[in-house]
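Peer 1: The residues making up each chain are set out below.
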Amino acid sequence: MADTIFTAKDLTKTYTSGEVQVLALQGVDLEVWAGEVVVLLGPSGSGKSTLLNIMGGLDHATSGRLIFRDLELTGLDDQGLTAYRRRHVGFVFQFYNLIPSLTAKENVALVTEISERPMPPEEALALVGLEARMDHFPAQLSGGEQQRVAIARAIAKQPEVLLCDEPTGALDSKTGIRVIEALLTINRQLGTTTLIITHNASIQDVADRVLFFADGRISRVQKNETRRAAAELIW
Amino acid sequence: MRVLDLKLFRDVKRLWAQALAIALVIAGGVATLVLAVGSFRSLDETRNAYYERYRFADVFASVRRAPNTLLDRIAEIPGVAAVDARIAKLALLDIPNFREPATGQFISLPDIAKPTLNQLYMRVGRTPEPSRADEVVVSESFAKAHGFAPGSRFSAILNGRKRQLVIVGIALSPEFIYAVGPGDIMPDDRRFGIVWMSEKALASAYDLEGAFSSVNLKLLRDASEREVIQRLDALLERYGGRAAHGRKEQTSHAWLDHELDMLNNMSRTLPPIFLLVAAFLVNLTLSRLVALEREQIGLLKAVGYGQWTIAAHYIKFVIIIAVIGIAIGSAAGTWLGMSVTGLFGDFFHFPFLVFTHSPDVYLAAAVLSLLAAIVGAIRALWDVVRLPPAVAMQPPAPPRFRRVLPAAFAIDRVLSQPSVMMLRNIARHPIRAGFTTLGMALATAILVVSLFTNDTMEQLIDVTYFLADRQDATVSFIEKSPREVVMQVARLPGVLAVEPYREVPVRIRNGSIERRVTISARPRDADLNRIIDVDLHPVVLPDAGLAISAMLAQILGVHVGDFVEVDLLEGQRRTVSLSVTALVEDYFGIKGMMDPETLARLMREAPAVTSVNVSLDQNRADRFYDAIKKMPTVSGLALQRASLANFRETVALLITTMASIYTGLAAIIAFGVVYNSARISLSERARELASLRVLGFTRAEVLRILLLELALLTLIAQPPGWAMGYGLAWIMKTNLAGELMRVRLVVEHSTYVLASAIVITAAVLSALVVRRRVDRLDLVAVLKTRD
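For the protein sequence lines, the chains are A and B, in the order given. Counting from 1, one number per residue, gives the positions in the first sequence under our numbering. Counting from 236, one number per residue, gives the positions in the second sequence under our numbering.
Since the hints were derived computationally from the structure, they do not count as laboratory data. Check each hint, because a few of them may be wrong.
If the Cβ cut is set under 8 Å, some of the chain B residues that face chain A in the computed set are [what the hints assert, rightly or not]:
hint, residue
1, Arg237
2, Lys242
3, Arg245
4, Leu527
5, Gln531
6, Lys536
7, Val538
8, Val626
9, Met628
10, Val981
C-beta atoms are modelled at their ideal positions from N, C-alpha and C, and glycine is treated no differently.
Only chain A is shown next, with the shape it has when bound in the complex (with noise of 0.2 Å):
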């Protein structure tokens, strides 16, 4: 049995955005193993990107307990989320948030420059494909090229964890196919524990568990006994 890397307890989160209260995490209980594939399933504001910025240090939450190892997550301070942001989490967001003054290359190293182990910035983009455009600027990227740029900027400083945010969401079918296989290779060859969220409902079956989420709540689980390849999708 592979070691319990998140331990959350009856998590809960409530926003206030402009006039309305928004109740976004109702309560969940999870654990999460090192070295996991774990795609998180539901509609829109079901909870999964809250949860998913919690786990990141991204957020606090309004109450409950949430573990990294032996570390109290809902208990640290800015500077205290920040340290651990830098030491362990690699991030994937929908809309890559690449700096657009830039060059591909410079935005790796943005982080392999604060990180206590990192890769090359060159390797980095080497494992997604990336090689040949290093010294492009953003504007002058692909949408899936700039999605890859972001997956090598997050595991460039090799996390433990990385927390895709809808990777694919932006992106057609074939770019798409080409950034989960470049998220699957990186957890080979590294171990990264890896959380991806989707709309895509196809894409649950490259994960070890699915998780399900409603109303803030995770209301169902499904452990895959096979992972398919990311050639296999079909969306």
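Put chain B on the given structure of chain A with help from the hints.
Peer 2: Below, chain B without anything else, positioned relative to chain A:
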């Protein structure tokens, strides 16, 4: 942090137009301070060096005739370091091809060695040979005005005898930086010049061998000027001495001091206002610019950058912009400062210029600008850096818009949809809209305060030359003359009307405060030379007592009804006590005014005149001038028209030059503010506007939504801008008031219109620049990215 620095560099490059616009606002503020303080200090330093190197005297006195043997006793007065005695006389000049009579201030030069005090700076040529009675040195400005060079000739009426003179040298003197002729209020280089002659020649012309008529003293550092003057007066009294005075009452020094004071006051009033306005605007702009970086800040936090690192990154960003601005401002300010120093140096006829560098000024300007920029960045960062990265990376939650007015008013339904959007946007961000309006109002205000000096000067000219001193010419006499000379002048060709004028030099005192002024008297029904008060009404003087300038009353601390002690410095030289019966708000100098009969009684003499004001038939002016040139008792002729022209060329030029420079800098600041407001609004609303384009709005419609707000805020800003401008102008006017000249605060409507026109032009130009950006809005990107 190599990559972050790279990002910094590229961000500055990407935002160059905006960065430059902000930098220019900073530069405007910095340049104003550096220019104003720099030029003032350089001119002040130049004057000090000039005075010191050419030994400008500290105390000045004139006598009718005193023997040279008296000089030893003068030198023995405690506190006197050096004594310089000479002959000084006014004489009419007759210059070839120059129809108007001119006046020469003749001054003797020792026949051996240089004068001990008030030494000459020889521009060209040499000093006169003692054996040559016709050789003279003339002042440079006088020589220039007539195109004189060594070898040029003119004639003078010395002691009633006409003499041919030849110029052998041209010189400058610290004593005559400002050379103002008798009866004049302004220097006129064509009609008044300084003529230096050999002592022997001048003494024989005026029968003053072995005697002097003017003495100057240099004092020891710790000497009491007042005591020395008292002792000197006592020594000179029996030789017909007129009261001695210090530098403060020496015409040239007093005027120069006044001009430098005005420069200094301008440098203390306008630049701090400019710098503060610039700092405020930069603060505002940078804070909005940094707020736009919200998502990137969120991302940097997400990937593990600490908030201090991120804050440092953006602070570096604003520091770069500020430093660019400070560099441009310092360079431009230094250059402008040196140009202004050069210009005024020429104007004052300084033989050389001393440029001082004032590190403190640069430092103060830099520190204030940097602080403003950094505080602006921190204000924005404070809000953004505290957000959890997950929130920061999202666009801000939709702001809480609401109806501008209750639904019942239904104003929303009357207005077009874009107007509704604009109004709600302003209502949603009242503070931001308020600050933007304030920024533009300040831009208008600094333009008003830069421009108003012209109005004030024109008003001063109107009152002085067209309401008060309406004579065409003033004939001054060497000595006080009996009333009969008035009729004599009236009979001269071309004279239409005459009015006598009498001036008596006095010392006026209240307690320990005293001033050396003149008391003037003119006929009760004077129509040429009138006294005009601040409400522009002619003043009729009371029969008894003394009317004084309101400024003099303020200096002495007296009110109507109070008594002042007056030393009459002519005739029997009595000291009398007079009651102040009226205050006159005048513009030039500080003086006393009296009824002529009352003054005559006070002087215990028959009514006399020192000058005659004349109204002339301009067609016969030449014959009038010829006649004047033949009158040996006349010391000078002042011409109003020439005086006005000179006023425009001198004082007005000085003030308007500075005002023009300030106006230019204010315009740059105004443009920077308006451009940045428009540009940042565009960035803040780019997504919204692009969405409208996607929905089928035309470019023009989208542009209208954006610019309507800018236009509305620009217009709203104008009235408070005028009000603030008026307030700043008032402060400036108050600071500019001095003993020699005061102005009345006048801001013409045209000035407000011009100030607003400049700001509105800046707004239109900004709109054109922004329009190009709206044309290039990336519609596809909006559809692809989240919202």
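Peer 1: Hints numbered earlier in the text: which of these fail when held up against the supplied structure?
Peer 2: 4, 10
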